[in-house]
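**Q** So the protein lines, in turn, are chains A and V.
Its first residue numbered 1, the first sequence is counted upward by one per residue in full-length UniProt numbering.
Its first residue numbered 1, the second sequence is counted upward by one per residue in full-length UniProt numbering.
In short, the hints are calculated from the structure, not lab data.
Among the clues, some could well be false.
Computed beta-carbon distance windows for the label pairs [claimed, not checked]: (1) D355(A) with E15(V): 33 to 39 Å; (2) S56(A) with I61(V): 38 to 44 Å; (3) D269(A) with R272(V): 26 to 32 Å.
Once the Cα atoms are required to be at most 27 Å apart in a straight line, the calculated BS3-like pairs of lysine-lysine come out as [what the hints assert, rightly or not]: (4) K216(V) with K178(V); (5) K27(V) with K136(A); (6) K216(V) with K431(A); (7) K57(A) with K191(V); (8) K33(A) with K46(A).
Remember, it's a predicted structure, so these values are computed and weren't measured experimentally.
We put the beta carbon where it would ideally sit given N, CA and C, even for glycine.
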Amino acid sequence: MIGQIVFLIVLATAIYLFSRNVGRIRRNILLGKDTDRSDRPAERWKTMARVALGQSKMGKRPVAAVMHLFIYVGFVIINIEVLEIVLDGLFGTHRIFSRALGGLYSLFIGSFEILAVLVLTACVVFLARRNLLKLKRFSGMEMKEWPKSDANYILIIEICLMTAFLLMNAADYKLQTLQYNHYIKAGSFPVSSLLTSFLAGQTSTLVAIERACWWFHIVGILAFLNYLPYSKHFHILLAFPNTYYSKLEPKGEFSNMASVTNEVKAMLDPSFVPTAEAPGRFGAKDATDLTWKNLMDAYTCTECGRCTSVCPANITGKLLSPRKIMMDTRDRITEIGKNMDQHGNDHHDNKALLDDYITREELWACTTCNACTEACPVNIDPLNIIVQMRQYIVMEESAAPASLNNMFGNVENNGAPWKYSNADRFNWADK
Amino acid sequence: MDELNKSEIKNPNFEIPTMAQMAAEGKQPEILFWVGCAGSFDERAQKITRDICKILHHVSISYAVLGTEEACTGDPAKRAGNEFLFQMQAMMNIQLLDGYNIKKIVTGCPHCFNTIKNEYPNLGGNYEVIHHSQLIQQLIDEGKLKAEGGESFKGKRITYHDACYLGRGNEVYEAPRKALEILDAELVEMKRCRSNGLCCGAGGAQMFKEPEPGNKDINMERVDEVVAINAQVIASACPFCMTMLSDGIKHRDKDQEIKVLDIAEITARANRL
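Assemble the whole structure, with the sequences as input and the hints as a guide.
**A** As structure tokens, then:
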């Protein structure tokens, strides 16, 4: 009975804290400007099913794709086991599904155990790729300190959880074969049954191991749940809405700024009456100038570095890293949210995404080639943020590099980016 | 490779019709050829422009150009963040195009192609827009264009460099390759091709500024990939890629061994147009 009460308190606290933190992230995302992504729902569901659920963009890197698939499927399927654990915890039962499912239960446990081994293997391989093989993709100026440890913590936690799960089953299975107490025969345990020889023979020790692993496993999962909102691992949740709200237009298409359209129409036609009010600012200086989708992108990023590894600017040693653009955006909007919580909604810290986080050198190095957006397995769009920040620099500050200002002048005066007279535009026909 | 240079000196021996002229005669062409700024002013790209005209003339498509009335689509301004300038250009161009009642456009540049096709509709400009590689593909599919009577590319190692705004930007991967497939050449792909293609370094208005500090220029990174697969010809479909790749090849002192040719030039040469 005490166990059930303790369990209920732990579960309720975990759920409360998790929803509070998710609420904060939601609030932070909604600090962004509005953008309409409610069109074409059928196409959006399809995109989500293909890209998030079906992992369609992972295949470009086959080793990572297979290992990631193990963890992904493992995570989804083992959640059924977590449900049983939660119900057992609440009702003080033991393997509540075993009686109801009968022979099927063996199949479930069997598949959980095999998946647990696959998850373990994948986590070990991933740790090795990061720390022993030191894959270039996982390094970079933005991948020091917290982001570096975060990745390792996630993998280590998952290894611990899977180990506890298998050890729990092993002790349980041994108790079942001894027909001890309520440990009734609950089916086959294809992996953990191999571990029983490593366990002590005393039933009291076995019960202690089983109970300890049970508590460690479920409390670990609840703790991990609460770790998510502070971690890049949050992608397991946001990948779904983020792909649903993907840009559906061709990658080359940049949306037109409606506020500018109004001003340009008014310039070309004096009788034009603008329909929408002018925005406070053209382009983005701070994270709150970006759209909510940009901010959702930022919280969805799992820092895998596929974008940066294909970025032509980054490949050739320039400062730009699309992954850093996303991480900076997330860090900045999180900071703004924290400031609001601590000092009220009107607090200004005199910092901004531009210059305090992202430098102009990074922004001007982009070739807008869309390699980053193509590479992202969850359809994040760093390019859109880069362009919005360029818009701020150009339209609010008139601070483009001098050579680009020359180009603007040429387009405006001669109708071409170079200093050629428009009268000579058709000379090619006479050559 | 000398034979590759023969047709370079051959100029069109036909009039290139302008919209103004056609309108004056009360005629409406089937398609407008949007030349673009590079195609109009850049000497290397002018050759490609003339070759596109030769192809249009060869298959007797009724077409016209805007001549001195054409102006920048606004693409470099938009990518650089100058939305005002972009929309000014766009709206003036839309006025001009609608004034001539244009319905269909073929462009000689992936940037013009992307901008008119994707970004003009929202500003009121709705046209059927294709890139010249797509036109060539259509003509091949219809049997109107072959590779005969001109230079032989038989057995030559040819690779195609995907322009970002044609490939990833608009998922046009097959059309330019189709123009090469009829050559009976040895087609080779670079490691980074199609959706994984590496940018030449010119997009996003980079063409008009110095690159940021780094350890290599992007076009050199790309050209080294071409050198690595021993290609004799890099086929391109974008005037900016053309400049970047040609500069890179020259810089590596490989301009005798490796030619950079546009899809339109290759087609024109293969047919001795």
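**Q** Keeping to a limit of 27 Å between CA atoms, is the pair of K216(V) and K431(A) held or broken?
**A** Violated. K216(V) to K431(A) sits at ~36 Å, over the 27 Å cutoff.
**Q** Just tell me: holds or violated, for the beta carbon distance of D355(A) and E15(V) against 33 to 39 Å?
**A** 56 Å, violated
**Q** At the C-beta level, are D269(A) and R272(V) separated by a distance inside 26 to 32 Å?
**A** 50 Å, violated
**Q** So the hint says 38 to 44 Å: do the beta-carbon atoms of S56(A) and I61(V) match that?
**A** 39 Å, holds
**Q** Given the hint that K33(A) pairs with K46(A), does the C-alpha gap stay at or below 27 Å?
**A** 26 Å, holds
**Q** Against the 27 Å threshold, does the CA-CA distance of K216(V) and K178(V) hold or violate the hint?
**A** 32 Å, violated
**Q** Please work out if K27(V) and K136(A) have their alpha carbons no farther apart than 27 Å.
**A** 61 Å, violated
**Q** Quickly compare the C-alpha distance for K57(A) and K191(V) to 27 Å and report which way the hint goes.
**A** Holds, at roughly 18 Å.
Of the hints listed earlier, those the structure fails to meet are numbers 1, 3, 4, 5 and 6, in rising order.
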